[in-house]
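Using the sequences and the hints, build the whole thing.
So for the sequence shown, the working numbering puts the first residue at 651; every next one is plus one.
Because the hints were derived from the structure by calculation, they are not lab data.
As the structure is a prediction and not an experimental result, all values here were calculated from the model.
All the given hints hold, so there is nothing to weed out.
No more than 20 Å apart at the CA atoms, straight line, and that leaves these computed lysine to aspartate or glutamate pairs for EDC-like: (1) K791 - E781; (2) K732 - E781; (3) K791 - D1033; (4) K732 - E844.
Computed spacing ranges between beta-carbons, pair by pair: (5) L669 - V892: 43 to 51 Å; (6) R918 - A1115: 23 to 31 Å; (7) F1127 - L903: 20 to 28 Å; (8) W756 - A1123: 35 to 43 Å.
Beta carbons: idealized from backbone N, C-alpha and C, even for Gly.
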Amino acid sequence: MNEQCVSHSPGLRAWLGLLVVLGPVLLVAMDGSVLFLAMPQVSEALSPTAGQALWILDVYGFAVGSLLIAFGNIGDRYGRLKLLLTGAAVFGAASAGAAFVPGPGWLIAGRALMGVAGATLLPSALAVISELFPDPRQRAKAIGIFAATFAAGFAIGPIIGGQLLNSFWWGSVFLINLPVVVVFLVLAPVLLREVRATGTGRIDVVSVLLSAAGILLTVYAVKHVATAGLTATPVATGVIGVTVLGWFVRRQLRLGHPLIDFGLFHDRVFTVAVITGLLPLAAWSATAYLGGIYLQSVLGLSVLDAALIALPGAAVLTVTCIATPALAARVGTRAALIACHFLITAGMLLLLATTISGGIGWYVASTVIAGTGYGISFSVVADTAVAAVPPERAGAAAAIAETSNEVGNALGIALLGSLAALIFRLQGPGLAGTLNETLRIPGLGTAVIGDAKAAFVTGLHAAAAIAGLLHAALGAFALRHLPRASTR
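In structure tokens, the structure reads:
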């Protein structure tokens, strides 16, 4: 009876299909942030070093970001639905494995595999949604729901993680993925149709490898210097990483079908849009991760209380993401882009008022104000980037905009998180590489504990200040240089 109802009601079938697709989309976004409040428990259970803790958090985002465009091309050629089903199955298996790993190295590997699988899901999900809704107005509405779901996933990840950790062990934040994956694998073949594109160029495997290797080697060098000091190994690794990235860029400029079309960056509006996709995610991920440690390890709150404190900012972010398209239609996306950067700047600067003895009110105010800016950026980036280029290059523009979100999420933890780790290493008591490791040492005096917490808060302030200054600079640039007519 249900199958007959769906088959004779294409509108109902399309919306049910959208609902099914949104499950993996929510998971991919949520798993980028679900560990932010879980890291104290992960550190207690697995005892990762400072460098390993950062890799646990951001290797997922790097894997997703570096492979999104490649898997988009693979799905075009071999079938989006097939890739969706395969990716969802691998994502579920990797999630189950990550929940029961015996050590930090295994968790890094599990998170990397989850990221590879996640990279198969996002571009294919968007293509399948577009096929479900041939009517342009319905398709725009469906894509708006897709974007809001993705933004909500980032926002609620820490809250879901905190709720689970209040009752279960840290691995539960991965097992929550399994019911969604199972439902998708059962219903997707019934509600969704295969989608393929014609005339796609070949996939340049060398470019995929160069981009991933260059990013990972460079980030490894930055993290190693931050957590262990300046030695020959990270310097050599960093030089190799930068060289590989340069090779990657030169190769893209020569290819007929590049992985990233750098020619699009000649357009000022497109460039600002892509940076707006990257920078807010970097600020949000770094401050959400460091904020989770601040609330639990500095102020001594329970994981449930920390999750509840994160709730207002997450709610504002989600609501803003949904409301922004209508607002941008009235005031123009130029004004929206400018506003988002100055709102995030204000939110970051409010974090500077936090101390080792208090600051919950300042933290909540920061997440609410910055969350408004994040919600605006998540909503307008893709549309602005696509509108800035010719129609025949819209697909490449959308892929770059989507990639900037994931890479920004990972870079925030990698770079700003490493800055905080460096400051802790230089100003802390020197007993361990992280605050959580230090606090687990038995017999610490009150003065030592205070010094460790103060060093961590200084690192949090430095990360927030850098993020705020970068957003202020980009907002000022957009205010002065973005043309009014092209972004309305």
